[in-house]
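Kindly generate the complete structure, drawing on both the sequences and the hints.
There are 2 protein chains.
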Amino acid sequence: MNAPVLSLSRRLRVSPFEQRSLQGTKSASVYNHLILPTCYESLEADYWHLREYVQLWDVACQVQVEVSGPDALEFMEYLTPRDVSRCAVGQCIYTPLVDECGGIINDPLILRLADDRFWISLSDSDVLLWAKGLALGKGFDVRIVDPDVFPLSIQGPKADELLSRVLGDAIRELKFFRFMETSIAETPVVVARTGWSGQGGYEVYLREPQSGIRLWDTLAEAGQGLGVRAGCPNLIERIESGLLSYGNDMTLANNPIEAGLDRFFKLGKPADYLGRAALEKIAGEGVASRLVRLLIAGEPVANPRTVYPVETESGPGIGSVTSAVYSPRLDTNIAFGYVPVADSEPGTRVWVTTPDGVREACVTDTQWTVF
Amino acid sequence: MNAPVLSLSRRLRVSPFEQRSLQGTKSASVYNHLILPTCYESLEADYWHLREYVQLWDVACQVQVEVSGPDALEFMEYLTPRDVSRCAVGQCIYTPLVDECGGIINDPLILRLADDRFWISLSDSDVLLWAKGLALGKGFDVRIVDPDVFPLSIQGPKADELLSRVLGDAIRELKFFRFMETSIAETPVVVARTGWSGQGGYEVYLREPQSGIRLWDTLAEAGQGLGVRAGCPNLIERIESGLLSYGNDMTLANNPIEAGLDRFFKLGKPADYLGRAALEKIAGEGVASRLVRLLIAGEPVANPRTVYPVETESGPGIGSVTSAVYSPRLDTNIAFGYVPVADSEPGTRVWVTTPDGVREACVTDTQWTVF
Chain A
51 MNAPVLSLSR RLRVSPFEQR SLQGTKSASV YNHLILPTCY ESLEADYWHL
101 REYVQLWDVA CQVQVEVSGP DALEFMEYLT PRDVSRCAVG QCIYTPLVDE
151 CGGIINDPLI LRLADDRFWI SLSDSDVLLW AKGLALGKGF DVRIVDPDVF
201 PLSIQGPKAD ELLSRVLGDA IRELKFFRFM ETSIAETPVV VARTGWSGQG
251 GYEVYLREPQ SGIRLWDTLA EAGQGLGVRA GCPNLIERIE SGLLSYGNDM
301 TLANNPIEAG LDRFFKLGKP ADYLGRAALE KIAGEGVASR LVRLLIAGEP
351 VANPRTVYPV ETESGPGIGS VTSAVYSPRL DTNIAFGYVP VADSEPGTRV
401 WVTTPDGVRE ACVTDTQWTV F
Chain B
51 MNAPVLSLSR RLRVSPFEQR SLQGTKSASV YNHLILPTCY ESLEADYWHL
101 REYVQLWDVA CQVQVEVSGP DALEFMEYLT PRDVSRCAVG QCIYTPLVDE
151 CGGIINDPLI LRLADDRFWI SLSDSDVLLW AKGLALGKGF DVRIVDPDVF
201 PLSIQGPKAD ELLSRVLGDA IRELKFFRFM ETSIAETPVV VARTGWSGQG
251 GYEVYLREPQ SGIRLWDTLA EAGQGLGVRA GCPNLIERIE SGLLSYGNDM
301 TLANNPIEAG LDRFFKLGKP ADYLGRAALE KIAGEGVASR LVRLLIAGEP
351 VANPRTVYPV ETESGPGIGS VTSAVYSPRL DTNIAFGYVP VADSEPGTRV
401 WVTTPDGVRE ACVTDTQWTV F
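Residue numbers (my numbering), protein chains in the order written: chain A, 51 to 421; chain B, 51 to 421.
Hints may be right or wrong, so weigh each one.
Since copy identity is lost for identical chains, a pair holds within one copy or between any two.
[Said to hold, decoys possible] Using 20 Å as the maximum straight-line C-alpha spacing, the simulated EDC-like pairs for lysine to aspartate or glutamate come out as follows:
id	residue 1	residue 2
1	Lys225	Asp210
2	Lys316	Glu330
3	Lys319	Asp121
4	Lys76	Asp406
5	Lys76	Glu91
It is worth saying that the hints were derived from the structure and are not from the lab.
So this is what it looks like as structure tokens:
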């Protein structure tokens, strides 16, 4: 099967950074109707660079839904099992949005801009329509819009140095999952200490799309001598860092408990929310399978286009690998997948059917320990 | 700007026809989280072939939302200004879905499978979330699911001959925008006389995704001697045929009246629907601009990545070209765009700013008449 070239039209919304970020992009995907670069030099070269230097990522595709108005907090609470009332102004929280069955609609970051104003910074589904539909139907007094705010991510160990050259050393004090409103290159931005890698860094939310190139160039200029270059979320790095991808590692067919996202919230928050009864029932009965990390033996495996079936001692066809890649640093294939709860303990041996045959694999821990 | 290769992962849902349809695809886009091929041989070669022979199109990306249950009709009515009660079982209707402001959420085909069961066959937005949100919020007694039903389109003047070889001559009697439930290659399908071209043909809705290759191969085999090959919606053909593309020619920021979709419904249907007050207000006050067909002078223009500004006698910056292409048959550039109502009469001269300069253009009629 050949890989076609991505064709562009107005239907794919334009990122404010696209004129820079598409230079040298070897491959890309589409995410929330925008282009998401997926590789520049090579998956491995991009990975090593990200771990050592600093990259600018065009993640404009992490679009926002802005919720404001008198019922904003109540509505945000309604969308998620996480207690949004405990999110302070200036704080970000990661949390699944769920439907009435507990199925995952999206796993966004929520930024609280004011007591009654939030951004939902999205993974890949049209939450604008979900939120508008629910709010209209239930009669919440909220205003729900796409505010045309686009993130640029600065990721890598030199990110602190880069951004402090632009914003001064005060930015180094910004705590994890906190944000501040400021300006860079005379354009207003929100800077958060967040990002879809484990290498540290920031996400800069551009509020004036017409200033995207100026923002990019200012950051690229500030990164001279730090090895700055364009980059993108890296499959190797994100699996190593345990970062799940909506659409890959969980879908509407999964609930947050089996996906392990329940570590981000406590069931039983005071406020009412959609899916409470479903999640409490699932929690009470216990889930059948759980998302785990896996080490897969043998030659480098391809990232699955559809899930790879997983067999366990309990029987065949009851698990699945959702994402997989060869890690050159760990010198093994690393993966996420679902296995029966009884087979989810680190050290458990399982078998994965890949396109080129059955491979032995092993459930592992957050350290990717070889058992 | 280079064109990156489309990278694939589980997040892009797999079409049941993909193993066939991606063979020889030169370019593709992503549509409703699936791959949509956009070119096989060349835009022009694909165009001429489509007008003379018959093509199999993988349009699995036109995913369905199935609405069923006691309130199914009432809910379908609520989604759209078109009178759904007048859609018979076995009939398809084309109609915009609108939000509370009259903004276009999607422009699907609706298929009425039973009195209380519908498929909404989508253009590119997550209407599953929109419909679920609205129904949950308003308390409609409906079941809303994605039924895993994927269309394969048979388009071109030889489509009748091809399909009659498979289903017998009775299929030739199927009326425009009507469908029947039958089976092909022992797999249950819904066959509709619809399709996103003006060349005639059918859409075959596959109900068992695992049978996609068998269906494709059966149709390809039946087309031997008819010049059958893989194809896809063709930019030249669809503009010539006056087919609008959601995301390109209209978005949530447009209402159906300015987009000219009001010819598909009459305001004032008996049933209640979302956006009624907004649409009646817009209709009462009159729209500022209208979608028109345009002939653009000069060398072949590129399809806009963002809209091309249009100037008229009324003043600058008040119109936009949303889709454009060179038609080798008409030997001119053809386009869709919005212009002020006062400048929307066929024959009106306007000026379009393309990436390589300002071009003279002319509003035209449905026959692409040169004025």
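For each hint, the structure was consulted:
1. For the identical chains of this complex, lysine 225 and aspartate 210 are intra-copy neighbours only, at 12 Å inside a copy versus 65 Å across copies, given an alpha-carbon limit of 20 Å.
2. For the homomeric pair lysine 316 and glutamate 330, the shortest alpha-carbon distance inside one copy (11 Å) is at most 20 Å, but the shortest distance between copies (47 Å) is not.
3. In this homomeric assembly, lysine 319 and aspartate 121 come within 20 Å of each other (Cα to Cα) only inside a single copy, at 18 Å, whereas the closest approach across copies is 33 Å.
4. Taking the shortest alpha-carbon separations for lysine 76 and aspartate 406, neither the intra-copy value of 26 Å nor the inter-copy value of 26 Å comes in at or below 20 Å.
5. Taking the shortest alpha-carbon separations for lysine 76 and glutamate 91, only the intra-copy value of 7 Å comes in at or below 20 Å, while the best inter-copy value is 22 Å.
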